[in-house]
Amino acid sequence: MIEIVDAGPFNTIQDLGRPGYRNIGVTASGAMDPLALKIANLLVGNDEGDAAIEVQTFPFRLRFREATVFAVTGGGDATLDGVALPPWWMQTAGAGQCLELRPSPSARAYIAFGGGVDVPPVMGSRSTSLRGAFGGIDGRFLKKDDTLRLGEPAGTLPVDGLGAVPPAKALAAFFPNAPDGTLLIRALPAGEHDLFGADAERFWSQSWKISSQSDRTGYRLSGEPVRAPASVEMRSYGIVPGVVQVPPGGEPIVQMSDANTAGGYPKIAGVVEADLWRLGQARIGSRLRFVRSSHAEARTLDRALADYVEDVRNTSQMVARALKTIAGR
Amino acid sequence: MSAVDFSDPATIAFLAAALQAAGVDGIEIEQPARKVRIVVERDAPGAAPLVQTLQTSPGATQLEAVTAPMAGIFDANHPDSPAPSSEPPREVGAGETLGFIRVGSVLLPVKASRPGMLTGRVAKDGAVVGYGDPLFEIELRP
Amino acid sequence: MTSSMPQPVDRSADTLAKKPPSTPAYRRQAHISTIGARAFLLEAPGDFDLPAQRRIWALARALRHWDDLGEIVPGMTNLLAIFKTTPEDPDAVTARLLDAWERAESIDIRGKTIEIGVHYGGEHAIDLAELCNRSGLSAREVVRLHYEGTYTVFALGSAPGFGYLHGLDPRIHMPRKTVPSLNMASGCVTIGGMQTGVAVLTGPNGWNSIGFADLQMFDPTADVPAIMAPGDTVRFLPERIEL
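Residue numbers (the working numbering), protein chains in the order written: chain A, -12 to 316; chain B, 2 to 143; chain C, 79 to 321.
Incorrect hints may appear among the rest.
[Stated by the list, open to error] Straight line, CA to CA, 30 Å or less: simulated DSBU-like cross-link-like pairs of lysine-lysine: (1) B:K112 <-> A:K196; (2) A:K156 <-> A:K131; (3) A:K156 <-> B:K125; (4) A:K196 <-> C:K190; (5) A:K156 <-> A:K311; (6) B:K112 <-> A:K156; (7) B:K112 <-> A:K130; (8) B:K112 <-> B:K125; (9) C:K255 <-> A:K156.
[To be verified] Not close to chain C: a few residues of chain A, all C-beta gaps over 12 Å, as computed: (10) G83; (11) G126; (12) P166; (13) E188; (14) R189; (15) R214; (16) A256; (17) L310.
[Unchecked claim] If you want the footprint, here are the derived chain A segments under chain B, 3+ residues with CB under 8 Å: (18) 53 to 67; (19) 149 to 156; (20) 294 to 300.
Read the hints as simulated data drawn from the structure, not as lab findings.
A virtual CB, placed ideally from N, CA and C, is assigned to each residue, including glycine.
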């Protein structure tokens, strides 16, 4: 059992979401950084898609009612009873110990627990749908004094302290940033791209700032507006996270995990799926630039991510077995 | 014997081969500051030998080696750490993480087992280390 | 939180109220574009009408047999096909989708009929007066035209269980508001362009409300969470008219 000691708004229970219901208007939701969620789960011996806490408002504090294996990945500077934990780290907490997360350069932290957060699945997922008001705890964000039950830990690794090389480091060759720190996000032109004429090039060439009107629903970008010369008439179409739409004002919106299932603004680009986790960690006020990609490159990135996840899964198990053998000597 | 460097994998490999050739399981070697035990596995020829640092000899400065918990790549700093950890000498507490062993994409902590003064760093960042290789030296509090 | 990010919603509705549709409705052939590397959007050529939507339903049905698809999202005379993994050859995917579209015969889904009792007028009918102004009709006339219509669920989307209803009398078409109502109640019976629907979430809404229906359109815990399905017929019953 976990007790929430201190929580600002918008921290929610998330897993990998509930895709498959867009055709009845249900947003997939799910972790904004699914890669961090998977790694947190693997480090505690869970299935990669088990439910965890997504923290995006700091500081965040929780107390362990009993000894619990947990991992913190993504962002968030974590301390356990005041002792700092390395980033992307798994540890065992004793009963009564308090975990605190403070802000870090990444926007969102994931806290996974051995056995996963046990809330009733709704439509195949434990993810909180704030808009739909279901999933997680009654479809709302976590608040002080909430208690969370945990599932039965399945294959908890019998080691105290284990981490993953953060993907930004492990996969630096595949996910580069600009020298000035601007996030480079790979995208493909979408349906109305060419209607923006000369403005389309400015969409790619300039760096956009993530405005304060950004959340799990989507990011509003500020910069020099891009506009189509003629008004573009759209019929409502299904959308996915990563679609970059341009409302009449000319400042793009990138739809994210809690986006509506349908939209009607002209779409200028679509972020390749393998880069969504990085977008999910981008903070308000930071800058990004879109880089034209290809299906071939997207497949290369998909494979790099899959290999990394597999490596963490297999190596953490192997390391745990080896340590057990050594301890038994 | 004091000239023998037990942090050198080549030395260990040489000794292990010699032990294996001689048909013995292991050897204990005393140096002024500590005692090292090298154990070869008969069932697994070619496997990395087990190197354990035992207690330091009485009377001498109480030194303890912090050894690699597993074979891998040593680094005193976490890959995400913006600044290098402070170099020895410095005070460390029991259980304090002194560095990391990287195995693939997984990191294992190298922890001080007892409190004391971190006096030396034996392994270099990026070094490939074997299980039991000494990484740090700690002068124990009396 | 959602108020900071009002989701752009259906603008197809504005078609008739403004100038004739430009792109992409003038296209002669189905058009395929991508969203990211895994999602492909097929847009039907021609008008925004029931025959086009029937072919979209047929296409959706045909695509259910594609093992490499993770999700099929029919929209307004368009369909988003989301693949489980990034396709190696996007041109081949485009060709497959166009081929499936060419083969898709218009189907008439024999859906169920849903009757929705409506309290027309009253406190929730915040846009009825404006609709009267615009149409030159009396409130009673507007309400009558609405409940005498027979509607077809074109697609579900935007919000959980929300059905886009086609078949609204052209005399009471009304474009979406440029400034959405910030807190429209779930249950409001609304008109957006040439479509009508019942709001399923309380929140920002750009459609025009003329009444209220006390019907739960969506239950996430039910075996079939959404009451409406594409192809269903909807009728509104005037339970009360308060003008």
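Here's how the hints hold up against the structure:
| no. | hint | in the structure |
| --- | --- | --- |
| 1 | B:K112 <-> A:K196 | violated, 42 Å |
| 2 | A:K156 <-> A:K131 | violated, 34 Å |
| 3 | A:K156 <-> B:K125 | holds, 20 Å |
| 4 | A:K196 <-> C:K190 | violated, 48 Å |
| 5 | A:K156 <-> A:K311 | holds, 28 Å |
| 6 | B:K112 <-> A:K156 | holds, 23 Å |
| 7 | B:K112 <-> A:K130 | violated, 36 Å |
| 8 | B:K112 <-> B:K125 | holds, 16 Å |
| 9 | C:K255 <-> A:K156 | violated, 48 Å |
| 10 | G83 | holds, 33 Å |
| 11 | G126 | violated, 9 Å |
| 12 | P166 | holds, 26 Å |
| 13 | E188 | holds, 19 Å |
| 14 | R189 | holds, 20 Å |
| 15 | R214 | holds, 15 Å |
| 16 | A256 | violated, 9 Å |
| 17 | L310 | holds, 35 Å |
| 18 | 53 to 67 | violated (count 0) |
| 19 | 149 to 156 | holds (count 7) |
| 20 | 294 to 300 | holds (count 3) |
When the structure is compared with the earlier hints, violations turn up for hints 1, 2, 4, 7, 9, 11, 16 and 18 and for no others.
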